[in-house]
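Kindly produce the complete structure, drawing on both the sequences and the hints.
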Amino acid sequence: MIGKSMKATLLVIAGVIILFFAWLKVTAHLNHKAAQLTAGTLSGEISAQESEQKIKTIKSILAVIDPIGSLRKRSEIVKSSKAMEIEVAFAEGRISRKEYEALKSGRTPPPLLKPEIQGWEKKRSFERMASGEAVQEGLSTPSALAKREKELGPAIEVLIPKLQDSDPAVRAETAEILGKMGARQALEPLLRLALRDNYAEVREKAARALSKIGDYRVFDPLIEALKDESLDVRAAAALALGYIGDPKAIKSLIQAAKNAKDGEWDVIRKVIIALGSIGSNNKEEVDFLVENLQNTGNPALRKAASDSLIKIAKAPALTEAGQAPYLIAGLISALQNDSPQVRNIAADTLKRIGGRQVIGPLILTLGDKHNKALSEIEGMLQGMKDDGVFPAMIDSLKSDNPVMRLNLVRMMGDIRDPLFFDAVVRMLGDGDKDVRAATISALAKFGDPRATGPLCDILINGRDMEIRIAAAMALGETGDSRAVGPLVKSALTESPEGALVPDIGEMMIDVYGQLRLAAVDALRKIGGNEAITELTEALNSENPKVREMAAQALDNLRGGQ
6 MIGKSMKATL LVIAGVIILF FAWLKVTAHL NHKAAQLTAG TLSGEISAQE SEQKIKTIKS
66 ILAVIDPIGS LRKRSEIVKS SKAMEIEVAF AEGRISRKEY EALKSGRTPP PLLKPEIQGW
126 EKKRSFERMA SGEAVQEGLS TPSALAKREK ELGPAIEVLI PKLQDSDPAV RAETAEILGK
186 MGARQALEPL LRLALRDNYA EVREKAARAL SKIGDYRVFD PLIEALKDES LDVRAAAALA
246 LGYIGDPKAI KSLIQAAKNA KDGEWDVIRK VIIALGSIGS NNKEEVDFLV ENLQNTGNPA
306 LRKAASDSLI KIAKAPALTE AGQAPYLIAG LISALQNDSP QVRNIAADTL KRIGGRQVIG
366 PLILTLGDKH NKALSEIEGM LQGMKDDGVF PAMIDSLKSD NPVMRLNLVR MMGDIRDPLF
426 FDAVVRMLGD GDKDVRAATI SALAKFGDPR ATGPLCDILI NGRDMEIRIA AAMALGETGD
486 SRAVGPLVKS ALTESPEGAL VPDIGEMMID VYGQLRLAAV DALRKIGGNE AITELTEALN
546 SENPKVREMA AQALDNLRGG Q
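As numbered in our numbering, residues 6 to 566 make up the sequence shown, in order.
Hints in this document: simulated from the structure, not taken from any laboratory. In this text, a Cβ means the ideal position worked out from N, Cα and C, and glycines have one as well. Relax, there's no trap hidden among the hints.
SDA-like mimics (lysine to any residue), calculated; alpha carbons at most 25 Å apart, straight line:
(1) 316 <-> 282
(2) 185 <-> 271
(3) 167 <-> 205
(4) 319 <-> 349
(5) 288 <-> 338
(6) 319 <-> 255
(7) 319 <-> 282
(8) 377 <-> 362
(9) 530 <-> 557
(10) 64 <-> 169
(11) 494 <-> 547
(12) 288 <-> 337
(13) 288 <-> 362
(14) 167 <-> 63
(15) 266 <-> 302
(16) 530 <-> 470
(17) 263 <-> 289
(18) 217 <-> 162
(19) 38 <-> 24
(20) 356 <-> 296
(21) 390 <-> 401
(22) 377 <-> 405
Cβ pair distances, simulated, as ranges:
(23) 346 <-> 26: 51 to 59 Å
(24) 312 <-> 439: 36 to 44 Å
(25) 28 <-> 353: 54 to 62 Å
(26) 266 <-> 361: 37 to 45 Å
(27) 32 <-> 271: 29 to 37 Å
(28) 266 <-> 171: 31 to 39 Å
(29) 353 <-> 494: 47 to 55 Å
(30) 486 <-> 341: 42 to 50 Å
(31) 431 <-> 369: 15 to 23 Å
(32) 391 <-> 225: 40 to 48 Å
(33) 253 <-> 438: 56 to 64 Å
Written out as structure tokens, the structure reads:
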């Protein structure tokens, strides 16, 4: 049995251990917070005054619980940050060497120069000063880049050792700044240190930085970074490889996306963006993008895939060649997806690509009787008028495929462009009855008075009763009063003996009765007194059947008004 004194001793020891670990946790948290404040000041996210106040509070706490190590550590970080700013000011030529040396030695700078150096008050972040206008103006020539590197040499020399700083926030910030500076002198340290850092954030910033330095030696390390345990690092490496733009990265990028675990959508999205940046129209690349275009579970992936496919299609090499066969074929296949959302985005992608390379494949899809994207295709064709699609549609009316002719005529009626009118009129003589019926409906939509004559001719002289009925209905849609006479004549048509025709099953249909009803309904839509006048005169006909039909038509006509 353990005595009471032993138990008390053990409890005290346990309490001390708990307090020790709590102390470690609190000091670590405060140290990390101070590092974040310092990094925020460097990047311009936090004002110097605000940062200084907060760090002062942290220092006072640390002075009590950790009076030796932490206080000294924070002082060193702040001092090194200010030293970096002095280096940049000198590199940018804002201070002379004499002034630079005075500041380095700790002496007070001249009054006129002090505001330039104390960039904290102006929120001039180290990042902006280090890269700033130099990156914006584009260092397109080796001499310009060499000159810039020489100017930034002192600042780069200060930064590189910071890749080994004990604070991961400082290391991450340093890697990012070196990348934006395009510092080739930092290539080896970034590869050897930052890209292998224990902290994922540092590796992520290093991957981004390496892509901007512009040296092929970064390619293999970035490919290896696609296997990193951190999804943020993999995503950054993917974007970096896209920025480099070497097609050799395509297979590794696609594999990285396929290896992504559930929920790691950002890795896949960044791979998609990278493939669009590479833009080689490689079949494997396009197939992967089209596959994600049809991903019904993630709109962000569909949008990214669409943007990348458009970027590939607009690439100079493909634009000059005038074709992107893998890409167009993949998008055409996506038009038949079961999801309306996928069809819409595939159609929108094709429309945004535009050009003659899209027109032919699009029109060919109209020959498929199982086409699921007719409405989307119609919108695309209408939006591509300036690409010469309308003449191509008219030419395709010569197709031997009646399904294609039918869909084209319907679309022409919906679009109602005057360019189509004469071509649609010619389709009244098509050998396929469904095409002729669709043509009649299309003509009614044009609102062109020239349609009344051909439609009236079909109404009176047509041999196919269904086509005549369609003509009567179309004349009602035109609203043209010139159709009243032929419609009245049709409304008074007497059914010949044996006019009943068999329908599907055992039901019988009076087709002449249907024609009369269609004619009366068309007269109602056209309106006016002319139809009533003619039908009233028909009440005096010697034929009792005509008188009966005229009375019925008048009742129907007046009842519908």
